[in-house]
Amino acid sequence: MQTYYLTDAGKVREHNEDRVIIVKNDNEEYFMAVADGMGGHRAGEIASSMTIEYLRDAFLAMETIGDKANAVNFLRESVLTINKKIFAYTDEFPESKGMGTTLVVAIVTANYLLFGNIGDSSGFVMKEDKLYKVTKDHTLVNLLVSTGELTAEEAKLHPKKNVLMRALGANDPIDIDIFDVDMGVSEILLCSDGLTNMLSEEQIQKVLETQELTVEERVIRLIKKSNNRGGTDNISIAYLVRESGE
Amino acid sequence: MVVKGQKINERYEILKIIGEGGMANVYLAEDTILGRKVAVKVLRGDLANDEKFVRRFQREALAASSLNHPNIVEMYDVGEDDGDFYIVMEYIEGRNLKQLIKRRGALTIPEVIDIMLQLTDGLAHAHDAYIIHRDIKPQNILILDNGLVKITDFGIAMALNNSQLTQTNSVMGSVHYLPPEQASGKGSTIKSDLYSLGILMYELLTGKLPFRGESAVEIALKHMKDPLPSLSRELDNVPQSIENIIIRATAKNPKNRYNNAREMYEDVKTALDDERIHEPRYIYKYLEHDLDDTKILPVIKDDKGDGLIAKPITDDDFKPNKKIFIILGSILASLILLLFLIFIIIPAVTEVPDVRIPDVSNMTVEDAESKLKEAGFEVAIELKEISSDKIEEGNIVKTSPASGRMIKKGTTVTLYQSTGENLIEIENYIGKDYIEVKSALTLKGIKVIQEKKDVDDISLYRDKENIIIAQNIDSGSKLKDGDEIILYTPNIYEVYPDMVGEKWTVADAQVFADEYGFNLDVTYKETDAVSPGIIIYQSRPANSKIVTGFTLKIDVSKAKPVQEEPIEEEPINGTE
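Order-wise, the sequence lines are chains U and B.
Be aware that the first sequence starts at 1, since it is given in the numbering used here, and climbs by one per residue.
Be aware that the second sequence starts at 247, since it is given in the numbering used here, and climbs by one per residue.
Think of the hints as simulated: they come from the structure by calculation, not from any bench.
We treat Cβ as the ideally placed atom computed from N, Cα and C, and that holds for glycine.
Be aware that a few hints might be false.
Listed below are several chain B residues computed to face chain U (Cβ distance under 10 Å; list not exhaustive) [what the hints assert, rightly or not]: (1) Glu266; (2) Ala429; (3) Val463; (4) Leu467; (5) Ile555; (6) Pro558; (7) Pro647; (8) Gly677; (9) Ile681; (10) Val683; (11) Leu689; (12) Lys693; (13) Val776.
Below 27 Å or equal to it, Euclidean Cα-Cα: the simulated DSS-like pairs (lysine-lysine) are [said to hold, decoys possible]: (14) U/Lys133 / B/Lys644; (15) B/Lys678 / U/Lys97; (16) U/Lys85 / B/Lys724; (17) B/Lys678 / B/Lys699; (18) U/Lys127 / B/Lys557; (19) B/Lys655 / B/Lys678; (20) B/Lys690 / B/Lys644; (21) B/Lys644 / U/Lys97; (22) B/Lys644 / U/Lys24; (23) B/Lys724 / B/Lys749; (24) U/Lys97 / U/Lys24; (25) B/Lys253 / U/Lys84; (26) U/Lys84 / B/Lys250; (27) B/Lys630 / U/Lys84; (28) U/Lys84 / B/Lys636; (29) B/Lys655 / U/Lys97; (30) B/Lys693 / U/Lys85; (31) U/Lys97 / B/Lys791; (32) B/Lys726 / U/Lys24; (33) B/Lys250 / B/Lys262; (34) B/Lys693 / U/Lys84; (35) B/Lys791 / U/Lys136; (36) B/Lys557 / U/Lys136; (37) B/Lys699 / U/Lys24; (38) B/Lys262 / U/Lys97; (39) B/Lys262 / B/Lys644; (40) B/Lys678 / B/Lys693.
Please put together the full structure from these sequences, using the hints given.
Below, the structure written as structure tokens:
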């Protein structure tokens, strides 16, 4: 496995409220996550750090994540705990009211691959040289499309395109979407909406396909391209490539 | 951040905070020029980076400031001070309608009529000026003790909703008053305000919201699809004329609504007339779901493209119980595939009965082990350690899976042994950034209090107001969850130096003024008391606080021409 992760504030924002991580435990299991914080007075940074730090520590505290059922429970219980922590924090520091964060995670083991998602950060996989988006964004527009109120075309022009319906710190109780992903995928990419708002899926796929580039260079190129297209938001990427034979 | 005592644009002195919100805070302030109390709404600082937002905000707010009506909160001024965008408004000592509903519940019909007349009157005035409110809700309507009602935040709601920043970084706010056309992204007209007003009238009469739901989208969908619940079911003896107002205002199809606020005003005004009380129920003239708007009903999204790659895990996947067998019995053969997957995920274990994990907290390891084994569980050989301020060191804090859960017999349970209180070692934070340290400590459960401390030499701390200069607990000490620490940051304020006493030159003063962002107004005065070029008067005394943008008047000595010429000329004059 080769992994690389990077976050960039972009060209407009002063702060980077994204947090990103990839960790591996002794059992060769990987945990990847991207959180995109929101809220003023640096509260967004606090929410996303709280989330990523908690998950990292909880994941590394276990020798192994266990079987698929254990991993699903781990994700569900973790987001409930994190959500409580964020609410407790905003109770105590009213100036951080409204703080919250999105979260997209992947758990990669020898036996299964799970994705988890809350909000509008994205989880992609590459299979047979094609990019697939696994997660479904929890945006108002997406929900309207799924209920048939809006067509996909109308959704693209909707004025509230990026309004979130679900985020850690915003909903109580919180529910995480979990996806059981095909084991035949060759690459995993998690990112914040700073990437997906700037680059289309085709453009992302094109960079990932460039075999001359190392894993690290592909991530850097994606971030550069997003910044060239405006870079209006923080951009974070966690990227994992399975070596053939693994 | 705006603080008490701060003077915005040299004019509005902040007295106290009176309201907090996600996008803006509202302060009570004193307009020092006109000597009156005003409300100042200061928008969140980071909005200033969004150019599109700033333009829109200024345009909308300026347009709204032209409104002048007793039922609209007057907007006095819009501006920017040091990156903070603010709006100065009439200060209203009263509560908002939401607070009133919360306290009183439903209002009486005459009260509601009175409020609605004022609101429709105010809206009619704004609509005449082509200004749509777009966010009519009880939180935006203030009511004075004498019953006068005032609408606030005209135009601002729209600016906020369209900012790039709020779009990417906000969770949708209240949708309880959201007109269907707005929910489906078609934009607002003056009739959108009438819809929200109709929902508000329903709420005032019943004390309840007509559309409720667990999520914003559920509510938004109800606005689009569900008929409004009947008012007469909530309220006994309500005249049909009153219910008709709500029926008309809240029509899904804007064509079925009142044409304008004035029409609604007239209808409200005559609603209680004798001949109207028993009028028939209002019937819409047009179809509620407009045919002009036909859209091809989207085919239910085929997820198979993704399905090959990933499959959502539902709640049932990992709760193997009798539910599955019920589903099995009732579901068609096409779903066998799904079941196949479920059986792969939870192989074989389905046969074993579920048992509740007993609570073993605060037990010794031996007791806990025997209790769990008794219940039919395996106990992991390796103990995990965890800190706890409640459970004595060495005893069990919790298990994983947690006690109370129904788990297959024979599952291995991991015990967590207490390592005693979770003590956090305090480091030396001096010189570090207050916000970072506060976040780190807060996450560990420590309460952080910030106090300002005077420093001897303010110049050393310029731009370092968030640097910690002292702490009340020494590094190396240990604190536990819930303990407090005070971190001191420098009390920074800039003062004018004693330019006269210290014999500053104009050049010195100019350098200083540039650095602190104030202007100099220099007057040269002839004097021989001091050498030329020295400041002999400053309009603000030494040690008074520097206000950025202020103009400091200074007088500077000017000597030479005055000294030399008269002395030479006098004897010449004398000889003539």
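Right, here's what the structure says about each hint:
1. Glu266: holds (7 Å)
2. Ala429: B/Ala429 check passes; min Cβ-Cβ to chain U is 8 Å, inside 10 Å.
3. Val463: Check passed: Cβ of B/Val463 comes within 4 Å of chain U, closer than 10 Å.
4. Leu467: holds (6 Å)
5. Ile555: holds (5 Å)
6. Pro558: holds (6 Å)
7. Pro647: Interface hint status for B/Pro647: holds (7 Å vs cutoff 10 Å).
8. Gly677: violated (19 Å)
9. Ile681: Interface hint status for B/Ile681: holds (6 Å vs cutoff 10 Å).
10. Val683: violated (12 Å)
11. Leu689: holds (6 Å)
12. Lys693: holds (8 Å)
13. Val776: Because about 47 Å separates B/Val776 from the closest Cβ in chain U, which is outside the 10 Å limit, the hint is violated.
14. U/Lys133 / B/Lys644: Violated, at roughly 38 Å.
15. B/Lys678 / U/Lys97: Roughly 25 Å between the alpha carbons, so the hint for B/Lys678 and U/Lys97 holds.
16. U/Lys85 / B/Lys724: holds (22 Å)
17. B/Lys678 / B/Lys699: The given pair, whose Cα atoms are some 15 Å apart, holds under the 27 Å limit.
18. U/Lys127 / B/Lys557: Roughly 15 Å separates the two Cα atoms, so the pair holds.
19. B/Lys655 / B/Lys678: violated (53 Å)
20. B/Lys690 / B/Lys644: holds (20 Å)
21. B/Lys644 / U/Lys97: violated (32 Å)
22. B/Lys644 / U/Lys24: holds (26 Å)
23. B/Lys724 / B/Lys749: violated (52 Å)
24. U/Lys97 / U/Lys24: Violated. U/Lys97 to U/Lys24 sits at ~34 Å, over the 27 Å cutoff.
25. B/Lys253 / U/Lys84: violated (38 Å)
26. U/Lys84 / B/Lys250: The given pair, whose Cα atoms are some 32 Å apart, is violated under the 27 Å limit.
27. B/Lys630 / U/Lys84: holds (23 Å)
28. U/Lys84 / B/Lys636: The given pair, whose Cα atoms are some 19 Å apart, holds under the 27 Å limit.
29. B/Lys655 / U/Lys97: violated (44 Å)
30. B/Lys693 / U/Lys85: Given pair B/Lys693, U/Lys85 holds - Cα atoms ~14 Å apart, limit 27 Å.
31. U/Lys97 / B/Lys791: violated (33 Å)
32. B/Lys726 / U/Lys24: Given that 27 Å is the threshold and the Cα spacing comes to 31 Å, the pair is violated.
33. B/Lys250 / B/Lys262: holds (6 Å)
34. B/Lys693 / U/Lys84: holds (17 Å)
35. B/Lys791 / U/Lys136: violated (55 Å)
36. B/Lys557 / U/Lys136: holds (12 Å)
37. B/Lys699 / U/Lys24: Since the Cα atoms of B/Lys699 and U/Lys24 sit roughly 45 Å apart, the hinted pair is violated (cutoff 27 Å).
38. B/Lys262 / U/Lys97: Judged against 27 Å, a Cα distance of about 19 Å means the pair holds.
39. B/Lys262 / B/Lys644: Status violated; Cα separation ~47 Å.
40. B/Lys678 / B/Lys693: Holds, at roughly 17 Å.
Of the numbered hints given earlier, the model fails hints 8, 10, 13, 14, 19, 21, 23, 24, 25, 26, 29, 31, 32, 35, 37 and 39; all others are met.
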